[in-house]
Amino acid sequence: MFIEFKDVSFKYYGNEQNILNQLSFSVEKGSMLAILGHNGSGKSTIAKLIMGLLEPTSGEIFIEGEKLNEKIVDTLRQKMGIIFQNPDNQFVGVTVKDDIAFGLENHQIPRDEMIRKIDEFAKLVDMQDFLNENPENLSGGQKQRVAIAGALAMDTDLIIFDESTSMLDPKGTKEINQMIQTLRKNYQKTIITITHNLEEALNADRVIVLNDGQIVLDGTPKEVLKEEAILEASGLKLIDGISLINMIQNYTIRIKNKEEIIQALWELTFKM
Amino acid sequence: MNDKIVFGQYIYRNSAIHKLDPRVKLCVLFMMMIGVFLIPADNFILLGIAFLIPLTAVILSKISLFKYLKSLKQIAFIMVFSFAFQLFMPVGKNTTILTTLPICFSYVNIIVCIFILVIYFLIRRYLPFKFLFFLVCLIGIIYLLRYPILGKAFYTTKLDISEAGLIHGSFLVLRVFVIILASTSLTLTTKPTDLTNAIEWLLMPLEKIKIKTSIFAMMISIALRFIPTLFNETNKILKAQASRGVDFNEGKFKDQVKQIVSLLVPMFVISIKRAEDLADAMEARGYIPGAKRTKLVQMKFCIGDFIVFFVILALLVGLILGRCGLYAL
Ligand SMILES: Nc1ncnc2c1ncn2[C@@H]1O[C@H](COP(=O)(O)OP(=O)(O)O)[C@@H](O)[C@H]1O
Ligand SMILES: [Mg+2]
Numbered sequence: 001m002f003i004e005f006k007d008v009s010f011k012y013y014g015n016e017q018n019i020l021n022q023l024s025f026s027v028e029k030g031s032m033l034a035i036l037g038h039n040g041s042g043k044s045t046i047a048k049l050i051m052g053l054l055e056p057t058s059g060e061i062f063i064e065g066e067k068l069n070e071k072i073v074d075t076l077r078q079k080m081g082i083i084f085q086n087p088d089n090q091f092v093g094v095t096v097k098d099d100i101a102f103g104l105e106n107h108q109i110p111r112d113e114m115i116r117k118i119d120e121f122a123k124l125v126d127m128q129d130f131l132n133e134n135p136e137n138l139s140g141g142q143k144q145r146v147a148i149a150g151a152l153a154m155d156t157d158l159i160i161f162d163e164s165t166s167m168l169d170p171k172g173t174k175e176i177n178q179m180i181q182t183l184r185k186n187y188q189k190t191i192i193t194i195t196h197n198l199e200e201a202l203n204a205d206r207v208i209v210l211n212d213g214q215i216v217l218d219g220t221p222k223e224v225l226k227e228e229a230i231l232e233a234s235g236l237k238l239i240d241g242i243s244l245i246n247m248i249q250n251y252t253i254r255i256k257n258k259e260e261i262i263q264a265l266w267e268l269t270f271k272m
Numbered sequence: 001m002n003d004k005i006v007f008g009q010y011i012y013r014n015s016a017i018h019k020l021d022p023r024v025k026l027c028v029l030f031m032m033m034i035g036v037f038l039i040p041a042d043n044f045i046l047l048g049i050a051f052l053i054p055l056t057a058v059i060l061s062k063i064s065l066f067k068y069l070k071s072l073k074q075i076a077f078i079m080v081f082s083f084a085f086q087l088f089m090p091v092g093k094n095t096t097i098l099t100t101l102p103i104c105f106s107y108v109n110i111i112v113c114i115f116i117l118v119i120y121f122l123i124r125r126y127l128p129f130k131f132l133f134f135l136v137c138l139i140g141i142i143y144l145l146r147y148p149i150l151g152k153a154f155y156t157t158k159l160d161i162s163e164a165g166l167i168h169g170s171f172l173v174l175r176v177f178v179i180i181l182a183s184t185s186l187t188l189t190t191k192p193t194d195l196t197n198a199i200e201w202l203l204m205p206l207e208k209i210k211i212k213t214s215i216f217a218m219m220i221s222i223a224l225r226f227i228p229t230l231f232n233e234t235n236k237i238l239k240a241q242a243s244r245g246v247d248f249n250e251g252k253f254k255d256q257v258k259q260i261v262s263l264l265v266p267m268f269v270i271s272i273k274r275a276e277d278l279a280d281a282m283e284a285r286g287y288i289p290g291a292k293r294t295k296l297v298q299m300k301f302c303i304g305d306f307i308v309f310f311v312i313l314a315l316l317v318g319l320i321l322g323r324c325g326l327y328a329l
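As given, the protein sequences belong to chains A and B, one line each in that order.
Residue numbers for the first sequence follow the numbering used here, beginning at 1 and rising by one.
Residue numbers for the second sequence follow the numbering used here, beginning at 1 and rising by one.
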């Protein structure tokens, strides 16, 4: 298990209610988990708990078997990277090069190695021609790609995408989603994607649905998709007609009922 | 999207001054400041020599003189005021009085002066030669105050313009001019990030006495990173407000205040959110304030840097020794 949550509860300072209530789940190494939930359901809170940016009010979190606490949080963090929602607010460097270097500088990577890694990973995310560019001159999608390069350069085993595409245009969204697939297939990264968009969760190995601080659904995308009532009660927008048509446009099987649609969707997403 | 603001005055050119190490440039500026204020207040020859240093930089930088003048313009007002202040400062008895300006205040005088000021502030923004206009207004006011217009003056006084005052005044202005020219050639030829790195390097000795200069440097570099972003954001909000009929230039004072608040509040909220996000992102990427870090940027001195540094240093030392000798005599 890469990550294990054991009865984790969390409450923001000054709040009455727990945002997360006795949460338990685990993430296997090399797998892709999607966390689904409406706005304010506590998804980002989970991400920050994993990264050690917040401490659970009660319960325990294990990263590769080691308990996350203040003493080893800096070491454990080196195994994990996170891409946040807002492309601008996580761009620390003054240029693309500086931003990819930021994490490397923090981990005291020698300069020669740093330069090599910047080149390697800028190329991987197709940003090698923008190394000296300011963030002002980049699109949201490009900034997110730089953030991914930054995480990859640090050689993290886990990458969390916290609604990383929600502020991007369709083109940027597509680019990032393809990038996630690449990371998963070619680089064997453990991936957690956080979203309130059902479609984006379909690529995952496993989906958990969050509502009222608890996990209300947990299973493969196929299983989760069937629980229409629970999904709706959790405030999630079901896949609407237009996106459905878009998704099965090229799908040639005649579809008769809901079961088949789900089956078709599921196969489709696995083909992607 | 042409109106994106890029912060800083830096202009790229392939020049010797651009290639000079930012640490050396910063040191030279610092030495210039000390030197220029050590020059005795009537020694125009030494000041002339000091002036040659930024002048060389200006010429070598391959940046048009116009850019330099633009930044001098910004402090022209302050220079005029300090000149006037020095000019009218009563100095010792043994100096020649060049001319005496009678000043008298009568009600009509004051009203006319205020009228001129109001006119000045009203039409200022539509004029091309603001500074000239300012001078004309200033001289106009001084002349108006010579004699009481209509009726009796209720207060009269005299302002002496002495030779010493004139010399002190012009010397002060020239001093400031030299310093501003020097610092402008620094900011025009050096990237803000290079400057930050130079400052961090120069402050390194302070780390020894447990002052975390790296945190300070990180703060500057974050500020440099986010200033253009905040500018663009402000523009966006301004446009959004304008499209809802808010006009930031019109309306009563009370309305204007309201409109400014309608800009500041969202800016403030956005900035707080940004700061929170940024702190999370930095921490997640392993930043520990004050901890040791390696650096991507590598600064290397070359021979030219040493030559420039030591030439200026020699000049400064010479000046200091000269002054000491002066006192010793
Ligand atoms: N710093 C904070 N202090 C207090 N409450 C917070 C803070 N951050 C988030 N919250 C609250 O916690 C809840 C969950 O937030 P979050 O985890 O960001 O949700 P999500 O990412 O699913 O949209 C929200 O109701 C939000 O208002
Ligand atoms: Mg969130």
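Rather than coming from a laboratory, the hints here were simulated on the basis of the structure.
Just so you know, these numbers come straight off a predicted model, no measurement behind them.
Even for Gly, the Cβ is constructed at its ideal location relative to N, Cα and C.
Some clues are possibly wrong.
As the list claims (entries may be wrong) - FRET-style restraints, in silico, Cβ to Cβ:
| # | chain 1 | residue 1 | chain 2 | residue 2 | range |
| --- | --- | --- | --- | --- | --- |
| 1 | B | M299 | A | D155 | 41 to 47 Å |
| 2 | A | D155 | B | K258 | 34 to 40 Å |
| 3 | A | L131 | B | F88 | 53 to 59 Å |
| 4 | B | A242 | A | Q17 | 40 to 46 Å |
| 5 | A | R116 | B | A242 | 46 to 52 Å |
Verification of the hints:
no.: 1; hint: M299/B <-> D155/A: 41 to 47 Å; verdict: 28 Å, violated
no.: 2; hint: D155/A <-> K258/B: 34 to 40 Å; verdict: 53 Å, violated
no.: 3; hint: L131/A <-> F88/B: 53 to 59 Å; verdict: 57 Å, holds
no.: 4; hint: A242/B <-> Q17/A: 40 to 46 Å; verdict: 41 Å, holds
no.: 5; hint: R116/A <-> A242/B: 46 to 52 Å; verdict: 49 Å, holds
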